[in-house]
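Those protein sequence lines, which keep their order, are chains A and B.
Mapping of the first sequence onto full-length UniProt numbering: position 55 corresponds to residue 55, and the numbering continues sequentially without gaps.
Mapping of the second sequence onto full-length UniProt numbering: position 86 corresponds to residue 86, and the numbering continues sequentially without gaps.
The reader is advised that the hints may include incorrect statements.
[Said to hold, decoys possible] Heads up, incomplete: computed chain A residues facing chain B, CB under 8 Å, no partners named:
(1) C52
(2) L76
(3) Q82
(4) F86
(5) V93
(6) K109
(7) S111
(8) L122
(9) A126
(10) K207
(11) A208
(12) T228
(13) M229
(14) L232
[What the hints assert, rightly or not] Calculated lysine to aspartate or glutamate pairs in the DMTMM-like style (CA-CA distance at most 20 Å, straight line):
(15) B:K109 - B:D164
(16) A:K109 - B:D56
(17) B:K109 - A:D91
(18) A:K197 - A:D57
(19) A:K224 - A:E136
(20) B:K201 - B:D56
No wet-lab data here; the hints were simulated from the structure.
For every residue, glycine included, the Cβ atom is placed at its ideal position computed from N, Cα and C.
2 protein chains.
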Amino acid sequence: MRYALRGGKRLRGFLVLESAALHGISRAAALPAAAAVEALHAYSLVHDDLPCMDDDDLRRGQPTVHVRWDEATAVLAGDALQTLAFELCCDPVLGPAERRVALVAALAKASGAEGMVLGQALDIAAESAAAPLTLEEITALQAGKTGALIGFAAEAGAILAGADRLPLRAYAEAFGLAFQIADDILDVEGDPEAAGKRLGKDAGAGKATFVSLLGLERAKARAKDLVTMAELALAPYGAAAETLRDAARFAIARQS
Amino acid sequence: MRYALRGGKRLRGFLVLESAALHGISRAAALPAAAAVEALHAYSLVHDDLPCMDDDDLRRGQPTVHVRWDEATAVLAGDALQTLAFELCCDPVLGPAERRVALVAALAKASGAEGMVLGQALDIAAESAAAPLTLEEITALQAGKTGALIGFAAEAGAILAGADRLPLRAYAEAFGLAFQIADDILDVEGDPEAAGKRLGKDAGAGKATFVSLLGLERAKARAKDLVTMAELALAPYGAAAETLRDAARFAIARQS
């Protein structure tokens, strides 16, 4: 579990802390929620990398858990990381019980059969589908696979503060899609060493991606538009949301 | 997910409803907690049955999920069943937010790296250990693998009522161990059709079990003693706990 949590961008944890700061919640009072979303994300990577799923041997610059140990260990470590995520949401430092329950419910909704796991299931189903996915289908797939958890992370501060979640939800929707398009671009143009994982895989597998559907230039333009939308969604917070705007710009500028 | 939840004894869900009734909580007000423990248990069976784990092809009288579909589906269905369990614990019908958070925390503790998953990891490690487990080691292993979740189920009513959990914990510890010894006895003496799963597996694999360590007669005597201990632990509840006492007796009389 510790090994699987090593490294990574910690983008989702960062989003939790920033959205908390936006609502006057200290880093200390939001940290277990940030750790929770990182544990949840790490579990999803460990399971997605399994031979029966995406079958990856490199992640975050180190061998995947089932390569370093074995498949049973990877299944169990992922299972316990998911459990840990929900346990962390119960930490009293996060505030009143009502808010913590709302956090658990939001994390469950984002990561379960209507969120992340649905996206992953659609992704696997697509591999054996007769025709490649359409742009609409791949957008829906990614909204689950990566968007839902990014949405949870961005909204976490509002949940903990009992505040309106809609502006952060709009931000996260645009951000999450831009992030995924950037991932597809990185898969084609990126440096495997900087990325810490195998690249060129989707194109090699003939899988529909935003790049295969839109072409490289239109994909880049679309990602840029989405970042602008994400920035605009933060208007209600004024200058206080500048770091979140930076994060949206980072989503398409990153090398890993 | 629906398929994996079919059938079974629903023993854990029953324990939740009974321990709730013992604290004056209606069936309706405890049902999501009962459903949660059944979803959690179903997830653990789907993952334990995977080829990289116990590699079972029959469960609850039907093909296991990875046999009926495939391994990826089994991993994802299990993952989403775990998520569902935590989501169910947030249902407002369960009462005040404080109690629901306590329920989430207790379920996480029972099922994660200090509970059920630890037990399963010890079980897998035992397969490649140089020597068979001792009685002490197998007792610790089973306390995690099956005991922790049975403990959660028995304590759930006390958690929801904000009442003392100790008598039900003592009941569940004795019950859980008796239940597991009965499982080992069933593995040797049971009828596969009634059990709905493959039997004789542990003995065939030369795995240490309560039966291999104690012998059949001493294992039966030990299970019976534990049932008596479980019954005695319920003394504080008087006649109201008679159904839970019946459940303890059922633990060693059952055929599946």
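Each hint tested on the structure:
1. C52: 4 Å, holds
2. L76: 5 Å, holds
3. Q82: Cβ of A:Q82 sits 6 Å from chain B, so the hint holds.
4. F86: Holds - the Cβ of A:F86 comes within 8 Å of chain B, reaching about 5 Å at its closest.
5. V93: 13 Å, violated
6. K109: 7 Å, holds
7. S111: Check passed: Cβ of A:S111 comes within 6 Å of chain B, closer than 8 Å.
8. L122: Check failed: Cβ of A:L122 comes no nearer than 10 Å to chain B, outside 8 Å.
9. A126: Given a least distance of 12 Å, the restraint on A:A126 is violated.
10. K207: 15 Å, violated
11. A208: 19 Å, violated
12. T228: 33 Å, violated
13. M229: Since the shortest Cβ distance to chain B is 29 Å, the answer is violated.
14. L232: Hint violated; A:L232 Cβ to chain B Cβ min 32 Å, cut 8 Å.
15. B:K109 - B:D164: 18 Å, holds
16. A:K109 - B:D56: 30 Å, violated
17. B:K109 - A:D91: Holds, at about 13 Å.
18. A:K197 - A:D57: Roughly 8 Å between the alpha carbons, so the hint for A:K197 and A:D57 holds.
19. A:K224 - A:E136: 19 Å, holds
20. B:K201 - B:D56: 10 Å, holds
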